[in-house]
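K.L.:
Could you build the full structure based on these sequences and the hints that come with them?
Given next are the chains, with one letter for each unit.
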Amino acid sequence: QQQVKQSPQSLIVQKGGISIINCAYENTAFDYFPWYQQFPGKGPALLIAIRPDVSEKKEGRFTISFNKSAKQFSLHIMDSQPGDSATYFCAAILRNTSYDKVIFGPGTSLSVIP
Amino acid sequence: DAGVIQSPRHEVTEMGQEVTLRCKPISGHNSLFWYRQTMMRGLELLIYFNNNVPIDDSGMPEDRFSAKMPNASFSTLKIQPSEPRDSAVYFCASSLAPHGRHEQYFGPGTRLTVT
Chain A
1 QQQVKQSPQS
11 LIVQKGGISI
21 INCAYENTAF
31 DYFPWYQQFP
41 GKGPALLIAI
51 RPDVSEKKEG
61 RFTISFNKSA
71 KQFSLHIMDS
81 QPGDSATYFC
91 AAILRNTSYD
101 KVIFGPGTSL
111 SVIP
Chain B
1001 DAGVIQSPRH
1011 EVTEMGQEVT
1021 LRCKPISGHN
1031 SLFWYRQTMM
1041 RGLELLIYFN
1051 NNVPIDDSGM
1061 PEDRFSAKMP
1071 NASFSTLKIQ
1081 PSEPRDSAVY
1091 FCASSLAPHG
1101 RHEQYFGPGT
1111 RLTVT
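Going line by line, the protein sequences match chains A and B.
Numbering follows the numbering used here, with no gaps: position 75 of the first sequence is 75.
Numbering follows the numbering used here, with no gaps: position 98 of the second sequence is 1098.
Note that these hints are calculated values from the structure, not bench results.
A hint or two may mislead.
[As the list claims (entries may be wrong)] Here are the simulated lysine-lysine pairs, DSS-like style, with alpha carbons at most 25 Å apart:
#, chain 1, residue 1, chain 2, residue 2
1, A, K42, B, K1024
2, A, K101, B, K1024
3, A, K101, B, K1068
4, B, K1078, A, K42
5, A, K42, B, K1068
6, A, K101, A, K68
7, A, K71, B, K1024
[Unchecked claim] Estimated spans, in silico, between C-beta atoms of each pair:
#, chain 1, residue 1, chain 2, residue 2, range
8, A, S55, B, E1083, 26 to 34 Å
9, A, K57, B, A1097, 18 to 26 Å
10, A, P40, B, S1007, 38 to 46 Å
11, A, I20, B, R1009, 42 to 50 Å
Beta carbons: idealized from backbone N, C-alpha and C, even for Gly.
P.N.:
This is the structure in C-alpha cells:
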C-alpha cells in the first residue's frame, strides 16, 4: 500500500514534443506529491510538487495533473528539449508522527532527441 | 552553500571488506536521510536521522549495515562485511525539518562496487 507505480519505464520524445509520465497510488494517507529529476551522475532534485486538493499545477514547461478520485497523477513536459533528458521520479509523502516519509516511484528514463 | 557533500564519489572494494561512506548535510538542516539506489529496487530509504538521532532505521537491510551521526554536520554509513549485492549508488539527503513537506536535497551519491 506504500507503493507508487510509474509508467512508462522509458520514453523517447522528439525535440518540441510533449513528454507524459503517469503515476498511481493506493494509499489515501499520502498527502503531497513531488516530482524529482535526476541527471546522470547526480542526485535527484525537486522539480515540482502538488497538493491533493489541487487538480493542476504549472511551472514553466512542466505541469502536474492530479486526479484524486482515480488516485493518479501525471507530469507533462511541454516543448521537450534535449536538456530535459533525465530520469524522472514521481513520489508521494506519507506523514507519520515522526517525519514526512517520501515514497519514490521506480522512475522513468526520458530521452529527448533532436 | 555547497549543498550536501558525499565522499568518496566512487568506491571499489572486495567482498568481506569494510566500507564507510560519508556525508555532510546542508548547514541548518536537522533531518538527514540515507538512500540506496539500484536498477532493481529503485530508491530505497535506509535510515532517517532527526537532530542527530536515528528515528527510522526500518530500511536498513541487515546487521552488516550501520549508520551514525555524531554531530549536525557529519554522518557515516558503514557496511561490514561488504557483499557483491551491496553494489549500488548510495545517496545522502538533508532537509530543513521533519514535517511541513520540506524539500529533500540530495548529494551527488557514492557509487559502490563490491567485487
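K.L.:
Does each hint fit the structure? Answer for all of them.
P.N.:
Verification of the hints:
{"no.": "1", "hint": "A:K42 to B:K1024", "in the structure": "holds (16 Å)"}
{"no.": "2", "hint": "A:K101 to B:K1024", "in the structure": "holds (21 Å)"}
{"no.": "3", "hint": "A:K101 to B:K1068", "in the structure": "holds (20 Å)"}
{"no.": "4", "hint": "B:K1078 to A:K42", "in the structure": "holds (21 Å)"}
{"no.": "5", "hint": "A:K42 to B:K1068", "in the structure": "holds (24 Å)"}
{"no.": "6", "hint": "A:K101 to A:K68", "in the structure": "holds (20 Å)"}
{"no.": "7", "hint": "A:K71 to B:K1024", "in the structure": "violated (37 Å)"}
{"no.": "8", "hint": "A:S55 to B:E1083: 26 to 34 Å", "in the structure": "violated (47 Å)"}
{"no.": "9", "hint": "A:K57 to B:A1097: 18 to 26 Å", "in the structure": "holds (22 Å)"}
{"no.": "10", "hint": "A:P40 to B:S1007: 38 to 46 Å", "in the structure": "violated (19 Å)"}
{"no.": "11", "hint": "A:I20 to B:R1009: 42 to 50 Å", "in the structure": "violated (34 Å)"}
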